[in-house]
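Enquirer: Residue strings, one per chain:
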Amino acid sequence: MSAHAATLERPGERGLSAAGPASVRIVVGYGFWIFLLSDIIMFSALFATYAVLHEQTAGGPSGRELFALRHVAIETLSLLFSSYTCGLALLAVARRQMRAFYLCAGLTFVLGATFLGLELAEFAGLISRGAGPSRSAFLSAFFALVGLHGAHVTVGLIWLTFMVAQTAYRGPRDFVRRRLLCFSLFWHALDIIWVALLTLVYLMGAR
Amino acid sequence: MSEHSERAAGIGDTVPGDAEGDHPGSIAIYTTGLVFALLLTGASFVVSQTNLLWGPGVPAGLAVLAIAQMGVHLVFFLHISTGADNTNNVVALAFGVLIVALIVSGTFWIMAHLNGNMIPASAIMEMSH
Chain A
1 MSAHAATLER PGERGLSAAG PASVRIVVGY GFWIFLLSDI IMFSALFATY
51 AVLHEQTAGG PSGRELFALR HVAIETLSLL FSSYTCGLAL LAVARRQMRA
101 FYLCAGLTFV LGATFLGLEL AEFAGLISRG AGPSRSAFLS AFFALVGLHG
151 AHVTVGLIWL TFMVAQTAYR GPRDFVRRRL LCFSLFWHAL DIIWVALLTL
201 VYLMGAR
Chain B
1001 MSEHSERAAG IGDTVPGDAE GDHPGSIAIY TTGLVFALLL TGASFVVSQT
1051 NLLWGPGVPA GLAVLAIAQM GVHLVFFLHI STGADNTNNV VALAFGVLIV
1101 ALIVSGTFWI MAHLNGNMIP ASAIMEMSH
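Going line by line, the protein sequences match chains A and B. Going by this note's numbering, the first residue of the first sequence is number 1, and it counts up by one from there. Going by this note's numbering, the first residue of the second sequence is number 1001, and it counts up by one from there.
Hints listed in this document are in silico derivations from the structure and should not be mistaken for laboratory results. In this text, all values refer to a predicted model and were calculated from it rather than measured experimentally. Where a beta carbon is used, it is the ideal one built from N, C-alpha and C, also for glycine. Careful, some of the hints might be misleading.
Examples of chain A residues toward chain B, derived with CB under 10 Å [what the hints assert, rightly or not]:
id : residue
1  : L91
2  : F123
3  : L126
4  : I127
5  : L185
6  : V195
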């Protein structure tokens, strides 16, 4: 092994043309990755809209007056830890440790639901203070961008529920684990979008 | 890469993708990613809330921290790597980054020019009279 490792071509990693067809898991992951990139491109349009409109408050409240960073910090932590437990759930199901899988998937759901609850509470608070999406161009862009991310998290929670039920019903078979892989890619990508959202909307907006 | 060495040694004698526990991560990798992400998030909050950085430099600092954290998420959570079975993912990612950069920078460019060429609202009012 060590003699081979010194050469350029390692035995497990031949050139792409010589390697033969990729495994189903890699092809599925690639296809879903392309969907995620297209989703990120859709988000980038809303990010650009927000960046252009964030000072057009039409005499209404600005981000500095509206955003509560402590609230946002808890949202960030719950989403980050749910990403972590989602990864652990995938590891557990790959090792057929079903109890650990259900525990981690449950934690992922609870943390994701915590995030969603906090975000809905923030939206309700803003609307009750007269800072709803129709107040100014800034708030329209804000609700569109943050709301779309929240809608993705909602879809993710529904998907996770179905995947746990499917894993319980069909067992940790290959096709079930490929679907779980796609879900985890989706969930991690949402966390990446949240990093951009946190920085552009909340941290830069609250200054 | 224990999977590769196993396959080369003929131990993991299975079809690729059907191998037991073929998930490309480990608890150590996820935990490392979590620690890095927590540090970078904490740094972002500190930079935005204190005078640690020179005022006008704060947005640039926040942007750097955010991009670093996205990189951490890509490598440690999404397992984007330089491995041979990952080439297509990396190329697709590069294309996605290109499109995102075009949309964002193009929007700024166009909207800045539109703003510069807009007739002031007062002039429009006068024209309608």
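Enquirer: Tell me if A/L91 is really an interface residue toward chain B, meaning its C-beta lies closer than 10 Å to one of theirs.
Expert: Holds, about 6 Å.
Enquirer: Tell me if A/L185 is really an interface residue toward chain B, meaning its C-beta lies closer than 10 Å to one of theirs.
Expert: 6 Å, holds
Enquirer: A/V195 was flagged as interface toward chain B. Is the shortest Cβ-Cβ separation under 10 Å?
Expert: Status holds, d = 5 Å.
Enquirer: Would the stated hint for A/F123 survive a check requiring a Cβ distance to chain B of less than 10 Å?
Expert: Violated, about 22 Å.
Enquirer: With chain B as the partner, please determine if A/L126 meets the hint condition of a C-beta pair closer than 10 Å.
Expert: 20 Å, violated
Enquirer: Holds or violated: is the Cβ of A/I127 closer than 10 Å to a Cβ in chain B?
Expert: Violated, because the Cβ-Cβ distance from A/I127 to chain B comes to roughly 26 Å (cut-off 10 Å).
Hints 2, 3, 4, counting from the list given before, are not met by this structure.
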